[in-house]
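Enquirer: Chains as they are written, first to last, in this note's numbering: chain S, 1 to 376; chain R, 1 to 421.
Incorrect hints may appear among the rest.
Cβ-Cβ distance ranges computed for the label pairs, FRET-style [stated by the list, open to error]:
hint	chain 1	residue 1	chain 2	residue 2	range
1	R	Thr318	S	Lys204	41 to 47 Å
2	S	Asp302	R	Arg150	47 to 53 Å
3	R	Gly218	S	Ser93	57 to 63 Å
4	R	Gly301	S	Asp302	15 to 21 Å
Treat the hints as calculated values from the structure; they're not laboratory data. The structure presented is a predicted model; accordingly, all values stated were derived computationally and were not measured. All C-beta atoms in this analysis are idealised placements derived from N, C-alpha and C, irrespective of residue type, glycine included.
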Amino acid sequence: MKFRVERDALADAVAWTAKSLPSRPSVPVLAGVLMRVENGTLQVSGFDYEVSSQVTVDVHADADGAALVSGRLLAEITKALPSKPVEVAAVGSHVEITCGSARFTLPTMPVEDYPSLPQMPETAGTVDAKIFAEAVSQVAIAAGRDDTLPILTGVRLEIEGNSIALLATDRYRLAVREIEWTADESEMSAATLVPAKTLHDTAKTLGPLGGQVTIALARGSVGEGMIGFAGGARRTTSRLLDGDFPKVRSLRPDTHSAQARVAVSALTEVVKRVSLVAERATPVRLRFSEDGLVVEAGGTEDARASEALDCTFTGDPLTIAFNHQYLLDGLNALDGPFAVFSFTDPKKPAIIEPAGEDGEISSGYWYLIMPVRIGG
Amino acid sequence: MGRSQALPRDGGAGEFGPDADDTGCPILHVDMDAFFASVEVRRRPELRGKPVIVGGAGPRGVVSSASYEAREYGVRSAMPGARAKRLCPHAVFLPVDGPAIAAASRAVMAIFRDVTPLVEPLSVDEAFLDVAGAARLLGRPAAIAATIRRRVLAEQGLTCSVGVASTKFVAKLASTTAKPDGLAVVPADRVLDFLHPLPVEALWGVGERSAEVLRRLGLVRVGDLARAPVGMLRSALGEAAAHHLHELSWGRDPRSVVPERAEKSIGAETTFDVDVVDPGEIRRSLLALSGKTAGRLRRAGQTGRTVAIKVRLADFRTLSRSRTLPTATDVTREIFETAWGLFTALSPGEAIRLVGVRVEGLAAGAGAPRQLALGERDSGWREAERAADAAAARFGHGAVRPASLLRAPDPPPAGGRPSPG
Chain S
1 MKFRVERDAL
11 ADAVAWTAKS
21 LPSRPSVPVL
31 AGVLMRVENG
41 TLQVSGFDYE
51 VSSQVTVDVH
61 ADADGAALVS
71 GRLLAEITKA
81 LPSKPVEVAA
91 VGSHVEITCG
101 SARFTLPTMP
111 VEDYPSLPQM
121 PETAGTVDAK
131 IFAEAVSQVA
141 IAAGRDDTLP
151 ILTGVRLEIE
161 GNSIALLATD
171 RYRLAVREIE
181 WTADESEMSA
191 ATLVPAKTLH
201 DTAKTLGPLG
211 GQVTIALARG
221 SVGEGMIGFA
231 GGARRTTSRL
241 LDGDFPKVRS
251 LRPDTHSAQA
261 RVAVSALTEV
271 VKRVSLVAER
281 ATPVRLRFSE
291 DGLVVEAGGT
301 EDARASEALD
311 CTFTGDPLTI
321 AFNHQYLLDG
331 LNALDGPFAV
341 FSFTDPKKPA
351 IIEPAGEDGE
361 ISSGYWYLIM
371 PVRIGG
Chain R
1 MGRSQALPRD
11 GGAGEFGPDA
21 DDTGCPILHV
31 DMDAFFASVE
41 VRRRPELRGK
51 PVIVGGAGPR
61 GVVSSASYEA
71 REYGVRSAMP
81 GARAKRLCPH
91 AVFLPVDGPA
101 IAAASRAVMA
111 IFRDVTPLVE
121 PLSVDEAFLD
131 VAGAARLLGR
141 PAAIAATIRR
151 RVLAEQGLTC
161 SVGVASTKFV
171 AKLASTTAKP
181 DGLAVVPADR
191 VLDFLHPLPV
201 EALWGVGERS
211 AEVLRRLGLV
221 RVGDLARAPV
231 GMLRSALGEA
241 AAHHLHELSW
251 GRDPRSVVPE
261 RAEKSIGAET
271 TFDVDVVDPG
281 EIRRSLLALS
291 GKTAGRLRRA
301 GQTGRTVAIK
311 VRLADFRTLS
321 RSRTLPTATD
331 VTREIFETAW
341 GLFTALSPGE
351 AIRLVGVRVE
361 GLAAGAGAPR
371 QLALGERDSG
381 WREAERAADA
391 AAARFGHGAV
401 RPASLLRAPD
411 PPPAGGRPSP
421 G
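For reference, chain S alone in the conformation it holds in the complex (with noise of 0.2 Å):
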């Protein structure tokens, strides 16, 4: 194997490969990325069982072959290296990488112990990489990340023809996105479970190259228990989470006994400056008016902060707490300068939503938080 190549996309595609390499692999070859250099390109791949990744990338190829060498170490040297053309060439059981006057050799791991990654599953349809990026990061903030619930560390992609659902929670808020997307078949219905962090990463990476995204979902045998992700020339794929997501859109409240508009962006600023005074097991509570909203925390002997701002609001006035983390999630994961907050009582859930300047509610996005229950 040997190879000439461009610096930045030769180091784009091994961090992003080596990303997903487990930090305590259960067999060595595990820890490695597989350099593949055929018919003109070379293909990076890592893979640790649970997701695979792989990149294409045009080179100049002088050999063809394989050589497997530790991912971090590869990733490192690539990031480091100064902005000319790497030369990579397999010699022995060593790979030599030469770049300007910089020269590395390192030691390399059977290439026939690499399992084979994965078949990619069966397109299902294709979805824009920016749309998608977005709904996944106002999604997944809702996931759990406690293994010992393993359903709620995953976001739901409810497959209705051309639109996708997309639901995660950790029972203490529920966030929901609905898209559309272009399904190859537009009878189509599905449902799977993707684990919150995988699908996570891969929209982040596959969002800024802009353009389509391709979803490949299980149908049949081919990659049974699969999700596949393509864009540009990187693809991904994960096994996807058992087990029945609860039946959590049923959660939302039908009606409303209350409603407040507030600008995300002083909301935010609040929150944030209230909360320093709050510990991590004491929430923030807002006390909302037709006067606007007071935003407090802390305790008659802790330290205390309150701060006021502009809310319209209508209803009864309502007081009602809530754990500012969980608080400030929903407000970051608002596509829109307005939070229009839906309540029915300081001890059920309240809806938030995002408005644009004219106050109108943008269908799509909603955040479901649970409040937290104040004296007894």
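Based on these hints, arrange chain R on the given structure of chain S.
Expert: Relative to the frame of chain S, chain R by itself:
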């Protein structure tokens, strides 16, 4: 308890008897004599003078307490019941009566608190008292100690032994030398005369292993330890232990009497009569233990964020796992689900001897903010469990319990001795 066996006893009559000089000796250590056994004998006078052994009846039981008559046969606390039975086959074996012990403990602690507010209970049957401030009203420390012994006998029909000294650890050693039913005073200027002839095991912090290490260095008595170069101790025992033992061997113990230590965790555990493999049975045990733990939390007005489990395998290897919840809890259901999740993740797949559930990171429960969860009902498990508490208060322990525990007997009286908080 092993320590007490290492000490000479002079029944309080020797040179450190009740009449020794108690100047500068404000610390009392009061230790009930064979407490669990004495509580039983008090209730059933026909047992007086007979060997009585409490705990240790089941195949896995451990002796909680033995009357002095039983001790003459070599029976000791913490000894396997089977061994106690071999040593003293004609002894009367009784189960631990938790409520009776707790009531007797409260009664004697109340007597201590009449004397001074500075009472630091070490367990149900012993406490440190600082009586420095009581001198004007109640007299000298030795006189106060005598009063306490008289009152405990008159009001509770129980005997206790008291050590009077200038420091906590010397007072504790003194009460042991006075046992049973005695009073020992170690004058402040004679601490070293008292300490130095004692075997090194007498010191707090020296177990079998350290004693073996010290013996190999030729250090058998506390006096040997005191005169040993600190450098030598350090290389044998490590920095902290060397410093600690050196200080103690010169009678220096800076700890003061701290009333009512705040509890750091609340929990319960159970040892099975026969090692258990069936996950169903472990599940029921964890449920029962979670219920017990949650009940104690609610009674103490506490909630905790970290749930921990302890699993001891048949070969005595002990595994612990814990998980911190997003919000503090005192609800059986939440504690159990977390404990069961931890257990299934651990899936030891081997025979299990003991399981325990514990809640840590305690904070005041009443009025504390509580993060609500999706789909949680207004009156959920928490309210249901409070209603069950109220029913139990009226109709007795176990009046309301989870259906899966209906057929299970109460925690086996022989094996499971609930650990104190």
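Enquirer: Now, for every hint given, state plainly whether the structure supports it.
Expert: Each hint tested on the structure:
1. Evaluation of the 41 to 47 Å hint for Thr318 of chain R and Lys204 of chain S yields a pass: the beta carbon distance comes to about 43 Å.
2. In this structure, Asp302 of chain S and Arg150 of chain R meet the distance hint of 47 to 53 Å, their C-beta atoms being roughly 48 Å apart.
3. At about 59 Å, the beta-carbon gap between Gly218 of chain R and Ser93 of chain S stays in the expected band of 57 to 63 Å.
4. At roughly 19 Å, the beta-carbon separation of Gly301 of chain R and Asp302 of chain S lies within the given 15 to 21 Å, and the hint holds.
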